[in-house]
Amino acid sequence: MSSFSGTREAFTAAMMELRRKDDKVLFVSADSLKAMRATAFSDEFPESYVEVGIAEQAGVAVSAGLATCGMIPFIGTYAGFLTMRACEQMRTFVAYPNLNVKFVGINAGLIGGEREGVTHQFYEDLGILSSIPNFTIFTPADSAQMYWAIKEAYAIDGPVYIRAGSGREVDVYDKETPFSLDGFRILKEFGKKYVVFASGFILDRVLAAADALHRKGIHIKVVDVNILYGKHPDKLADLIKEADHVFTVEDHNINGGLGSYICHIASELCPKHVDRIGLHSFAESGPAKELADAYGFSVEEICKRIEKYEEL
Amino acid sequence: MTNEDLKRKADYLRLEAVRMVYEGKDGHPGPALSIADIVTTLYFDEMNIDAKNPNWDDRDRFVLSKGHACPILYATLNDKGYFGEKLEHFSLRALGSMFQGHPVMKKTPGVDITSGSLGNGIAIASGMAIAGKRSKKPYRVFVVVGDGELQEGIVWEGVNIAAANKLDNLFVFVDKNNWQSGGTVEGILGSNNVSERFHSFGWYVQEIDGHDIAQIRDAITQAKKQKGKPNVIVCSDIKGKGVDYMENNNAWHKGVPTDEQYRSAIEQLGGRK
Chain U
63 MSSFSGTREA FTAAMMELRR KDDKVLFVSA DSLKAMRATA FSDEFPESYV EVGIAEQAGV
123 AVSAGLATCG MIPFIGTYAG FLTMRACEQM RTFVAYPNLN VKFVGINAGL IGGEREGVTH
183 QFYEDLGILS SIPNFTIFTP ADSAQMYWAI KEAYAIDGPV YIRAGSGREV DVYDKETPFS
243 LDGFRILKEF GKKYVVFASG FILDRVLAAA DALHRKGIHI KVVDVNILYG KHPDKLADLI
303 KEADHVFTVE DHNINGGLGS YICHIASELC PKHVDRIGLH SFAESGPAKE LADAYGFSVE
363 EICKRIEKYE EL
Chain C
8 MTNEDLKRKA DYLRLEAVRM VYEGKDGHPG PALSIADIVT TLYFDEMNID AKNPNWDDRD
68 RFVLSKGHAC PILYATLNDK GYFGEKLEHF SLRALGSMFQ GHPVMKKTPG VDITSGSLGN
128 GIAIASGMAI AGKRSKKPYR VFVVVGDGEL QEGIVWEGVN IAAANKLDNL FVFVDKNNWQ
188 SGGTVEGILG SNNVSERFHS FGWYVQEIDG HDIAQIRDAI TQAKKQKGKP NVIVCSDIKG
248 KGVDYMENNN AWHKGVPTDE QYRSAIEQLG GRK
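Going down the list, the sequences are from chains U and C.
Add 62 to the 1-based position in the first sequence for the numbering used here, that's all there is to it.
Add 7 to the 1-based position in the second sequence for the numbering used here, that's all there is to it.
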């Protein structure tokens, strides 16, 4: 495994290794080569780099065409330019025929889009894709998980969306920990009364909250949900059943993403109240950390939301 | 096949398309008849395909960007033997049928790509053509696109990409019948200067009568000689061509013939064989 820092760099590192083994692996760029930190890939494999210019809809359509001919295109660019601008192409020409195209959406969440502002902050991508059949949705929590997520996406024959950031992600995982195909991983298990499901680049804050609460005598369990609408909702249901109080934390609108997924499992398999922490509005420009703090993701705020239940 | 043979085949397939709509009581006969001569020439004279092996890696690809014209494609695939024994009835648009309202690649053998959402065909075909170039395969990609759908922005994204990638293995036929769902192309959105637009993107452009088999064949021959540029053949067509009450009558963009109209179509298209 090569060394890298950041989810985009992890993407390129994994892509180089995949391409060395399989010349059907392509990178499709919508003038996103630099944004994806993928110039090393195009330098080493110019014949495996397809440039479509600033044209995401055609980029996805081209990727669909490539996939019908046995290629394995990875198209990577800003999350919303894929899932919103090219939503129909992702649905009708990739998901419906179940073609082998991989999508990497960068600048996801307000931590990903941060100072660019709302036009480049994407907190609707997961909600959009969760209503389209055949998509596998990966939400790696940091750069090491991103590296393994790209490898696992390659191993799946069908459309996969992988959520990526913009370099503001905090590494929380050991480099060698594989991307869980169960769709979740328990990262802290101080107690059973509270279970907090988190996904994506918010995980470091949730882990810090778990430690802070632990010091105060409140013992929570933290679960990283790295695949949305994965194959084992029953296993997540078991975790929900064990807890008195259930929380979700995601850098996404509270509708359509992790919170909706967990509510869906809780309501169908193990009825229980779920407290969702996420975005309720558009955000604004700002440095990633300040922005996350201002919009409800500070460690203190997460702790408060959980502590409230101690009084009940 | 001679030009005359192809002409007769096209009329036979027209009748099959009309029958399919008549029996299914739904569908788009006018757009199907408009492109019958192009599709027939491609499938019976030009394309390197094997109906018994529809997923053959090296086959030529066909993209029906204007997917609503699919009755002519279904009739063609049936006649070529893609469905084994020739089907007597199509069950167009019926529940459980392999003949969906618009083409679906994983339901119908021989359909190379799902289509029907207008504007997407050239970009998808560009992906197929790029795959051919990158993997050094000899296949070509043929596309039929309507003149109305050229109003979609993604068309020109695809046109740009094809030119930049020098896709001389890509052959686009524009079915220029000057009609779209809501009226004439000029009436809906001004000029229909197809050739100038493709030319300005760096494509090799030809203009022909899209109902003249000899001209279609000549244009393909000419296009194949060009190197380094994608090809567009702008075809002057008549929507509903071959059935007098459908010709240039946009009521037949989507419509079902009565018993009497169906009998008239049979007569005009050379009878059931």
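Rather than coming from a laboratory, the hints here were simulated on the basis of the structure.
Computed from a prediction, not measured in an experiment: that's the story for all the values here.
A few of these clues could be false.
[To be verified] Derived BS3-like pairs: lysine-lysine, alpha-carbon spacing no greater than 25 Å straight-line:
{"id": "1", "chain 1": "C", "residue 1": "Lys143", "chain 2": "U", "residue 2": "Lys83"}
{"id": "2", "chain 1": "C", "residue 1": "Lys143", "chain 2": "U", "residue 2": "Lys86"}
{"id": "3", "chain 1": "C", "residue 1": "Lys14", "chain 2": "C", "residue 2": "Lys143"}
Quiz prompt | Hints violated by the structure (listed by number, smallest first) | solution = 3
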